[in-house]
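K.L.:
Following the hints, put chains C and W in place on chain F, whose structure we already have.
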Amino acid sequence: MAGEIAFSPSDTYNAFLTTCNKAPYGTGKLAGVAVAVKDNISTKDIETTCASKILKGYIPPYDAHVVGLLKSAGAAIAGKTNMDEFGMGTTTENSAFGPTLNPCDTSRVPGGSSGGSAAAVAAGFVRMALGSDTGGSIRCPAAFCGIVGLKPSYGRVSRYGLIAYSNSLEQIGPLGKTVTDVSTLMGVIAGHDRHDSTSQDKPYNHTPKADIKGLKIGIPQEYFGKGVDPQVAAVVKKAIGRLEELGATTVPCSIPSMEYALAAYYVTCTCEASSNLARFDGVRYGPATDTKKSWHDAFQEVRGASFGTEVRRRIMLGTFALSSGYYGRYYAKAQVARENVRADFNRIFKDVDVIAGPTMPTIAFRLKEKSDPLSMYLADILTVPANLAGIPAISVPCGKSEGMPVGLQIMGRMFADERVVDVAYAYEQAVS
Amino acid sequence: MADAEGQVIVGLEVHCQLDTLSKLFCGCSTDYRSDGPNTHVCPICLGLPGAMPALNKRAIEYAMKVAKALNCEIISEAEFSRKNYFYPDLDKAYQITQYDKPLALGGYLEIESDEGGEKKVRLTRIHVEEDPGRLVHMGNTERGKYSLVDYNRAGIPLIEIVSEPDMRSPKEARKFLNKLRATLEYLSVFDSEKEGSLRVDANISIKGSERVEVKNITSYKGVEKALTFEVTRQKNLIRRGQTIDRETRHYLEARGITQSARSKEQEHDYRYFPEPDLRPLRVKSWVDNIVLPELPDARRERFIARYGCSLSHARTLTGELKLANFFEQVVAADPQGLSPLAATWIADTLIGELNYRDMSLDRVEPAAMTGLVRILKKGTITDKSGVEVLRVMLDQRHRKEPDNTIKVAWSLTNDEGKVTLAAEKIPVSEAGIKRTIIEAPETPEAIVQRLALAKHTGDDRVITAAIQEAIAENPKALGDYYAGKAGALNFLVGQVMKKTRGKADPADLNRMLAEALKTRGP
Amino acid sequence: MVTEKDVQHIAELADVGISPGELGTFTHQFNAILEYFDILDRVEGTGQAERDLYNVLREDEIEPSLPQDDVLKNAPFKEDGFIKAPRVM
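Chains as they are written, first to last, in this note's numbering: chain F, 656 to 1087; chain C, 547 to 1068; chain W, 3 to 91.
No wet-lab data here; the hints were simulated from the structure. Note that beta-carbon positions come from the ideal geometry of N, C-alpha and C, so glycine has one too. Among these hints, one or two may not hold up.
[Claimed, not checked] Counterexamples of contact, computed for chain W against chain F with all Cβ distances above 10 Å:
| no. | residue |
| --- | --- |
| 1 | Thr5 |
| 2 | Glu6 |
| 3 | Lys7 |
| 4 | Ile20 |
| 5 | Gly26 |
| 6 | Asp62 |
| 7 | Ile64 |
| 8 | Asp82 |
| 9 | Gly83 |
[Said to hold, decoys possible] Partial selection, computed: residues in chain F whose CB lies under 7 Å from chain W:
| no. | residue |
| --- | --- |
| 10 | Gly683 |
| 11 | Pro716 |
| 12 | Val938 |
| 13 | Tyr940 |
| 14 | Gly959 |
| 15 | Thr974 |
| 16 | Phe975 |
| 17 | Pro1028 |
[As the list claims (entries may be wrong)] Straight-line C-alpha distance at most 20 Å; calculated PhoX-like pairs for lysine-lysine:
| no. | chain 1 | residue 1 | chain 2 | residue 2 |
| --- | --- | --- | --- | --- |
| 18 | W | Lys7 | C | Lys691 |
| 19 | C | Lys717 | C | Lys665 |
| 20 | C | Lys868 | C | Lys725 |
| 21 | W | Lys86 | F | Lys948 |
| 22 | F | Lys947 | W | Lys80 |
| 23 | C | Lys830 | C | Lys647 |
| 24 | C | Lys647 | C | Lys717 |
| 25 | F | Lys711 | W | Lys80 |
| 26 | F | Lys947 | W | Lys86 |
| 27 | F | Lys832 | F | Lys868 |
| 28 | F | Lys711 | W | Lys75 |
| 29 | C | Lys717 | C | Lys740 |
| 30 | C | Lys771 | C | Lys614 |
| 31 | F | Lys699 | W | Lys75 |
| 32 | F | Lys948 | W | Lys7 |
| 33 | F | Lys893 | F | Lys868 |
| 34 | C | Lys691 | F | Lys947 |
| 35 | F | Lys699 | F | Lys677 |
| 36 | W | Lys75 | C | Lys647 |
| 37 | C | Lys868 | C | Lys924 |
Extracted from the complex, chain F is given alone in its bound form (with noise of 0.2 Å):
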């Protein structure tokens, strides 16, 4: 241990459920720094919640391999972040601990299910954090909250130590003020794990470079259609407008796969989930159960009593999809329909090198503003794209509508992460 920082934010936004007070760092690239990580990350001897009530007080006895890494390089981890339970979400409003509130409007969401990284980095508690990103979930609160989020390539990062909720669909990510820092935390979490058997023997060692003179970009139709915000959309348009002063050129594309790819996606993802989810019984960690009761009654009991309404709602969708006679029409086809998203993008890319569009159809919602279900979900259809192809993407803050964030989503080729820094990367210093 190369010393120890005081970390005690005046936390009103509600953006830590863990804070290390005297947080230990080492030395290294990131010696010193104060890194946030979201609570369904595994950090050993530290409470990890995934902001549920079924793992309250649960302390991991090991730390994710990015936890790892993050020390390795003499990082300092600061706290534990809020989220959507088990990443459910879109607004951080659905923690059994209360919602993160938006540094930007407190009477607005975050944005989620990172919303408590976002929300730290956001409000200057820390320069950088590590959220996860499953349909949009680092994006997201990256582009309602102001700053830089990135959803790297699936297989970049090591999903070892992350508490799953969809497998085939999530990363863990960095978020920080600057794409400088998002890069530079990238840096020390990219990379092969042999406890990871979905990870590449892909390292990042990249420095954003600004130049993006001659650059091909595509612009989906689906991205500037209805049900996108005009304003938003206008807002990312000129965003685009400044990438192309700047040397680059636009071409228009269509994505036809978008009709599906919401439904794909909540069908893998709740699948996935609902299985996931399944070993949350109290047995082995978690609230104590009432031994008397026959295992069935008992889990049962627990679960119901711990999981919050979001949460059963999607272990009951997914158990349905997967259930006898149901497979080959939901979660089998879903994959058919990932397939189609993926093959819509490598033809996209023969054409153009990376795609722009609004990261979210609209700005931070209001608390509570969004309470039917369905009407959340449609709120991904931009972010979850790149989660089912498994392509990288990139939010960066690139102006406001009604005072409130809107967020420049950049996505590129298969593990093409460096690229889609470099054009975020090329805006933000243009603006700045």
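P.N.:
Coordinates of chains C and W only, in the frame set by chain F:
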């Protein structure tokens, strides 16, 4: 040939633990049996949130060896799937197994059929999966029942071998299982002596009636017993005009019965889907690089050709890897000379004596057996004495844990020429009797010497005297003999054997008595 | 279309518990979402794609296990090194 109405039809699903060093999806040691509960566990096999499986290469290699030995076809892309259900011993609430893309399909195993001769039992598939943890049921209805869980076993690699319903009797099922076990031993992928390393589910029906599944069979003998019980139960129901329910039953080893499990188990919807944390396997080409060792059937043929064993002896001797190795070591110094007697004595006598003592073959050094066979070949002792020597040899090598308070010793007392051997718990010191404590097991030669078991030869005064005594003491038998009644001579031989304490060869005695009686005349 | 009975059955299959008060709203929302999923019926394609990652395997090497205390420390009930679970019969 189609099955007749009333024909017993059996299929088996066999789960065997693969003998790898580490578990299927993590590096925990598989050698958990002598350690305390929950000491061979890590985040992965405990199913802690966030942990991910990493597939053990050797487990796949072992499974492929088995598939090749059983003539299966490796599929071009195999995949792992999740089988989802709730149970306290299943810590992730799903088992990682293989569902629609198992490692291998088809194949067969040859067994001795009920009619004699060989038959092929076809296999459906072979796949790899993880073992769940172990539950101990505690408490009672008054104080409240609960379960205790030990996750040491969770994640142990299992190979599941599913047969077609090609067996036609409980006996054939046992033969299948024994042949399978032997094959796995020969492949060095399975240790049959490890407790719980093999589990069997059986499907049994009487042609024309519904199929019943019997679960929870954990021993080879159990399979035959469970199925025999089921056959009887089902035939009785049919005889009474009742229908057989299609159901799952559990085998209760202690009571030797099967019991309906319907009340315990709900209808399971396992909601299988591909395991997203593991990548598919394309390992078909590995088959070419697998070199199989000599398998049981080939070894059996070699034993017949090389050692002149009978088919029956060869089958028995090659039925277990250790036994086959033992036999070959015993006869190695002089295969042609030792094999005939060695085959008989090992297959017909040694195995039985070991089973009786619940004793492992590991306890007997091949040299000891070789020594005994040599003595028997020389004709120094009778067969009856041979058995006695063998028993002493085994008892000496079958050491049990000594009592804490009393020393266990082999003692030899020599009281005025009367030599007796005893295994007993003796006080550490006891005055008055000269005792020699034997610590190390004896060679067969030493035993023969010590117990003075050397055969009496034909001109021995002791035998002649015994013959005269027997004749004098049994006038009725004598009369019977001269009257030509069958059995009289045998009776007299028996009397002489008693007197000579089995140290005379019965064949010799037959001859000598007959001569003596002839000389004497009626 | 799923009925309240179907939803009840799914809740039991998933061991999540659903109170009678929630059942009505849940079923209504469930159906709306399932209706949205219907769009997948129109999806065409084989879904077979070449990936670049196969045969991800590790060597059969022993690694240290967790100390028994760590295995047990998050369990609410334990006895003699075992973890206590509800009865199965």
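K.L.:
Taking the hints in turn, state whether each one holds.
P.N.:
How the hints compare with the structure:
1. Every CB of chain F lies more than 10 Å from the CB of threonine 5 (chain W), the least distance being 12 Å, so the non-interface label holds.
2. Distance to chain F confirms glutamate 6 (chain W) as a non-interface residue, since its nearest Cβ pair spans about 13 Å, more than 10 Å.
3. For lysine 7 (chain W), the condition that its CB be more than 10 Å from all CB atoms of chain F holds, with the nearest at approximately 13 Å.
4. In this structure isoleucine 20 (chain W) is not separated from chain F by more than 10 Å, as the shortest Cβ-Cβ distance comes to only about 7 Å.
5. Distance to chain F confirms glycine 26 (chain W) as a non-interface residue, since its nearest Cβ pair spans about 14 Å, more than 10 Å.
6. Taking the minimum C-beta to C-beta distance to chain F, about 14 Å, the non-interface status of aspartate 62 (chain W) holds against the 10 Å cut.
7. Every CB of chain F lies more than 10 Å from the CB of isoleucine 64 (chain W), the least distance being 15 Å, so the non-interface label holds.
8. The beta carbon of aspartate 82 (chain W) is kept farther than 10 Å from every beta carbon of chain F, the shortest such distance being approximately 15 Å.
9. Residue placement check: glycine 83 (chain W) keeps its beta carbon more than 10 Å from all beta carbons of chain F (closest about 14 Å).
10. Hint status for glycine 683 (chain F) relative to chain W: violated, with the closest Cβ pair at about 25 Å, above 7 Å.
11. Evaluation of the proline 716 (chain F) hint against chain W yields a held restraint, the C-beta minimum of about 4 Å falling below 7 Å.
12. Annotation: valine 938 (chain F) was flagged as interfacial toward chain W, and the flag holds, the nearest CB pair being 5 Å apart, inside 7 Å.
13. For tyrosine 940 (chain F), the suggested interface contact is upheld, since its CB lies about 4 Å from the closest CB of chain W, less than 7 Å.
14. For the restraint placing glycine 959 (chain F) at the interface with chain W, the shortest Cβ-Cβ distance is roughly 2 Å, inside the 7 Å limit, so the hint holds.
15. For threonine 974 (chain F), the shortest C-beta to C-beta distance to chain W is roughly 4 Å, which falls under 7 Å, so the interface hint holds.
16. The interface hint given for phenylalanine 975 (chain F) holds, since its Cβ lies 5 Å from the closest Cβ of chain W, which is under the 7 Å cut-off.
17. For proline 1028 (chain F), the interface hint holds, since its Cβ comes within 7 Å of a Cβ in chain W; the closest pair sits about 5 Å apart.
18. This hinted pair does not check out: lysine 7 (chain W) and lysine 691 (chain C) have alpha carbons roughly 31 Å apart, beyond 20 Å.
19. The hinted pair formed by lysine 717 (chain C) and lysine 665 (chain C) meets the criterion: a straight-line CA distance of about 13 Å does not exceed 20 Å.
20. Taking the CA atoms of lysine 868 (chain C) and lysine 725 (chain C), the gap is about 14 Å. The hint holds against a cut of 20 Å.
21. Taking the CA atoms of lysine 86 (chain W) and lysine 948 (chain F), the gap is near 13 Å; set against the 20 Å cutoff, the hint holds.
22. Annotation: proposed proximity of lysine 947 (chain F) to lysine 80 (chain W) holds, straight-line Cα distance about 14 Å (limit 20 Å).
23. About 13 Å separates the Cα atoms of lysine 830 (chain C) and lysine 647 (chain C), which keeps this hinted pair within 20 Å; it holds.
24. Of the supplied pair hints, the one linking lysine 647 (chain C) and lysine 717 (chain C) is violated, its CA atoms being roughly 32 Å apart against a limit of 20 Å.
25. Our distance criterion of 20 Å between C-alpha atoms is met by lysine 711 (chain F) and lysine 80 (chain W), whose separation comes to about 18 Å.
26. Distance restraint check for lysine 947 (chain F) and lysine 86 (chain W): the Cα-Cα separation of roughly 11 Å lies within the 20 Å cut-off, and the hinted pair is therefore satisfied.
27. Between the alpha carbons of lysine 832 (chain F) and lysine 868 (chain F) the distance comes to roughly 25 Å, so the proposed pair goes past 20 Å and is violated.
28. Annotation: proposed proximity of lysine 711 (chain F) to lysine 75 (chain W) holds, straight-line Cα distance about 14 Å (limit 20 Å).
29. Proposed proximity of lysine 717 (chain C) and lysine 740 (chain C) is contradicted: the alpha carbons are some 24 Å apart, above 20 Å.
30. Between lysine 771 (chain C) and lysine 614 (chain C) the alpha-carbon distance is near 31 Å, which puts this suggested pair outside the 20 Å criterion.
31. Taking the CA atoms of lysine 699 (chain F) and lysine 75 (chain W), the gap is near 13 Å; set against the 20 Å cutoff, the hint holds.
32. Among the hinted pairs, lysine 948 (chain F) with lysine 7 (chain W) is inconsistent with the structure: their alpha-carbon atoms are about 24 Å apart, more than 20 Å.
33. Between lysine 893 (chain F) and lysine 868 (chain F) the CA atoms are separated by roughly 18 Å; this keeps the pair inside 20 Å, and the hint holds.
34. For a cut-off of 20 Å, the pair hint linking lysine 691 (chain C) to lysine 947 (chain F) stands: about 7 Å separates their Cα positions.
35. Annotation: proposed proximity of lysine 699 (chain F) to lysine 677 (chain F) holds, straight-line Cα distance about 16 Å (limit 20 Å).
36. Simply put, lysine 75 (chain W) and lysine 647 (chain C) have alpha-carbon atoms about 38 Å apart, too far for the 20 Å limit, and the pair is violated.
37. Distance check on the hinted pair: lysine 868 (chain C) and lysine 924 (chain C) sit about 27 Å apart at the alpha-carbon level, beyond 20 Å; violated.
Violation of the numbered hints given earlier is confined to hints 4, 10, 18, 24, 27, 29, 30, 32, 36, 37; the remaining hints are satisfied by the structure.
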